[in-house]
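Two independent chains are provided; combine them into the complex using the hints.
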Amino acid sequence: MIALSGLHKSFGANRVLRGVDLTVPKGESMVVIGGSGTGKSVLLKCILGLVKPDAGTIRIDGQDAASLDRDAFLARFGMLFQGGALFDSLSVWQNVAFRLLRGPGKRPKAEAREIAIEKLRRVGLKPEVADLFPAELSGGMQKRVGLARAIAAEPEIIFFDEPTTGLDPIMAGVINELIREIVVEMGATAMTITHDMTSVRAIADDVAMLHDGVIQWTGPVKDMDAAPDPYLQQFIHGRAEGPIASVR
Amino acid sequence: MILAPVAAIGRSTLGGLAALGRIAIFLVATIAAMLRPPFYFREFLQALWAIGYNSLPVVALTALFTGGALALQIYEGGARFNASQVVPSIVAIGMVRELGPVLGGLMVAARVASSIAAEIGTMKVTEQIDALVTLSTDPMRYLTVPRVLAATIALPVLVAVGDSIGILGGYLVGTGRLELNAAAYLKTTVDYLTLWDVTSGLIKGAVFGFIVALVGCYFGMNSERGAQGVGRATKSAVVTASVMILATNYLLTELFFSA
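Chains as they are written, first to last, in UniProt numbering: chain W, 1 to 248; chain D, 1 to 259.
Think of the hints as simulated: they come from the structure by calculation, not from any bench. Do not rely on the hints blindly, as some may be mistaken.
Straight-line C-alpha distance at most 20 Å; calculated SDA-like pairs for lysine to any residue [said to hold, decoys possible]: (1) W:52 to D:73; (2) W:52 to D:22; (3) W:52 to D:222; (4) W:52 to D:41; (5) W:109 to D:136; (6) W:52 to D:29; (7) W:106 to D:222; (8) W:52 to D:221; (9) W:106 to D:127; (10) W:126 to W:178; (11) W:106 to D:136; (12) W:109 to D:38; (13) W:109 to D:26; (14) W:106 to D:157; (15) W:109 to D:41; (16) D:235 to D:118; (17) W:52 to D:132; (18) W:106 to D:39; (19) W:109 to D:142; (20) W:222 to W:196; (21) W:52 to D:140; (22) W:52 to D:43; (23) W:52 to D:25; (24) W:52 to D:138; (25) W:109 to D:42; (26) W:52 to W:26.
Pulled a few chain D residues facing chain W out of the computed Cβ check, cut under 8 Å [unchecked claim]: (27) 127; (28) 130; (29) 131; (30) 133; (31) 135; (32) 175; (33) 249.
Note that the Cβ used here is the ideal one computed from N, Cα and C, for glycine as well.
Next up, chain D with everything else stripped away, as it sits in the complex (with noise of 0.2 Å):
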């Protein structure tokens, strides 16, 4: 009876690592899956306007505010050390290493993530999937391989735009609202970025894009049967692919950054 909280833990713990399991082993069959054609370029192409070029204006708007907000933030707290002058460049810094890609990578996730599983999951209970196979066509190839490569491709391109529309956020805030002097905010966040500090927030990108489309995937293949099931298969997959994009942010953070 005490013990039952403690074996609550445990069995959610193994719950959890069995699935993190088998999302490995899933990703080692979209690899495999990938190196072998046919590859489905028709497929490729609508993924990537469906997770690029759609999730452009909730990035943007996200990016925007958070600059925004990054910068009376920095001048607020800056203002305590007579350090106000910093905030062009702390802007820069945070909107490139960090929140340009894993807020980018979080909006994708809510938004894609969910929109995957929900989509392949009622393929799955409606036997589409089923009938790919019986029509000769292998659904890690035509399903998983096309949505996991456009997320890749298309979530560096999302955070370089949100990169770039999060600074303006800043310099709207910096000039506008904080009278910062506009040519010296441009040169600070210019001259202070490193080409390191916006690559690095890129390649952070293309992993959590490539997570994200993952784990929709694998949930959506995984739905069990009726609405609830794909609406458990839709949750868990936003769940997972939020955690695990923050969790695989602070290493690759520490790998990157730390000496």
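Just chain W, with the same shape it has in the complex (with noise of 0.2 Å):
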């Protein structure tokens, strides 16, 4: 599970987080939604220790994030970030199987690289992949890299940030058939940030709705229509007009 209380992130005079207070249980996909700008990135950054917040506390299964060894806090989580953000001097294998050549969990060559195939082919990828260089590969295809990578060393926690950004409909849909089918096999408690409604019905058991630095309205994703906060509805039908204001 995944407790966050009164988190506060400033970036100069720019209060993005002013207090957010959200509860992931264990083995549920949460959906943080939001404008461009609210913060659900950092929010996601704050948790994985990548940016520090100012205030508040972050709880893993009642453990105080801050007091737990970093090596193996960051173990027990897999990541699929915006833009794949594979290493682009490493193969694909390489990249999947990145965390299972290195460190505490090191296994064998042959080993790691049968693995990554394995991961690689979960998330509908040949082995002829495994050999290319993430350049060589389109966005879709990076985007599944990106995620057998998040998957390679079976997170009990995993992250999407905007996992279908830049992808055409038709690929946005099987990225979120594929995490919704990973995340339920694994177990997984996910958390996901994105702005695409359809991947909120697609992935979400709950729905969390960030704006000016808090938590405006969550709960599970059948109540999401039927809810009357104006600034969910506003965003969910995607109006101009509503309580949020728009930047033209």
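This is the structure:
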């Protein structure tokens, strides 16, 4: 379980997070929605320790994240980055097996390669892709490789940062389906940030809407459409008019 | 209004000093990362290849032409004092003490500091550095330490090669164009050169290599977003590394040779 309470983060005068309280139950898939620049990515990065919050606590299974051993803490996470964030200098299989080739959980090269190929197959890529380099892949394939890398070490918690951004609707649908299947079959706790409502309906058990640095609304995805919150309604229906001021 | 130019000088001085301070903090973090395992040997070998071996042609060509030009200049200048016979020894001393390490350092700064800053900067803006952290890999140990160590080891070797080729350049011009006696040229070169002349140049090379990679990594790691951010990081890395090499060269020369 991930429990955030009173999370604050500012960059200079820009107060991005202003007291975020959010709980993601174990094994559930939480999707955080919100407009561009509302701090969704900062929220994920705070949990992972990539950005240091100014105030507030992050608890994973009841333990304060700040007090945990960093390597052991990160070993429990997998993350799919928005642009894939694949390492250009390494082949596809070395990207997928990155964690398996280094550090405490290091495996022999042949075994790591085998696991990488199996994970690639799981995300719908053929073994021939294994020896290509990221620059030789299409955007959709890069996302799949990123997904394979995120799940390679069988993490308990997986983060997805804008998993469908930049993909055509069909490829976006494929990625959404893959994420849902993988999260269910691994029994992982998932946290996704997106502004793609198709993604939300495909991936989420629960939804939280981040606006003005706080969680504006949170609840099960099935309650989302009927919720009276005007911010949420404006966002999910993509209306230009409403309480959220649009910048033109 | 009148004070505006003074204020601008003050601002840029303070900005420069602040950057120097941040590089110093980065230096301490790099040394701390060197002392803790794991050590990424494969990345070190790759960096050694990219920084050392691939810089050989540019360093060799620079040294060859500089040695040749130096021989011509000393011959012309020496003729004013009837001292043209000093060409071999001055070419040798000039190359190994000063021009070999400084020009080698500057060429490597242009070639390597830029490529390191652009590579790491691109990794930063495409979130590859964040990805490294989430995969339990410290970017300082994985990216910075191998490059800094490789450059510190590679540059003295490059300087040694550059010194030899520079002296050869002087020899070719001296014996071919200026009609100096070949045997006498070689004998004078060897007789007047001391071991300290050579080793002081190699030590300078090691220091310059350390600076080049450290500055390249620093600006890459602190690159701002977008193509412009990476471009700025690359430019700043080359300019800062070059100025630091020249300034450090003066300090080391003062330290090594002032009586």
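For each hint, the structure was consulted:
no.	hint	in the structure
1	W:52 to D:73	violated, 59 Å
2	W:52 to D:22	holds, 19 Å
3	W:52 to D:222	holds, 17 Å
4	W:52 to D:41	violated, 31 Å
5	W:109 to D:136	holds, 18 Å
6	W:52 to D:29	holds, 18 Å
7	W:106 to D:222	violated, 30 Å
8	W:52 to D:221	holds, 17 Å
9	W:106 to D:127	violated, 24 Å
10	W:126 to W:178	holds, 15 Å
11	W:106 to D:136	holds, 12 Å
12	W:109 to D:38	holds, 18 Å
13	W:109 to D:26	violated, 33 Å
14	W:106 to D:157	violated, 35 Å
15	W:109 to D:41	holds, 16 Å
16	D:235 to D:118	holds, 9 Å
17	W:52 to D:132	holds, 17 Å
18	W:106 to D:39	holds, 14 Å
19	W:109 to D:142	holds, 19 Å
20	W:222 to W:196	holds, 16 Å
21	W:52 to D:140	holds, 18 Å
22	W:52 to D:43	violated, 29 Å
23	W:52 to D:25	holds, 19 Å
24	W:52 to D:138	holds, 16 Å
25	W:109 to D:42	holds, 14 Å
26	W:52 to W:26	violated, 24 Å
27	127	holds, 4 Å
28	130	holds, 5 Å
29	131	holds, 4 Å
30	133	holds, 6 Å
31	135	holds, 5 Å
32	175	violated, 46 Å
33	249	violated, 33 Å
Of the numbered hints listed earlier, those contradicted by the structure are 1, 4, 7, 9, 13, 14, 22, 26, 32, 33.
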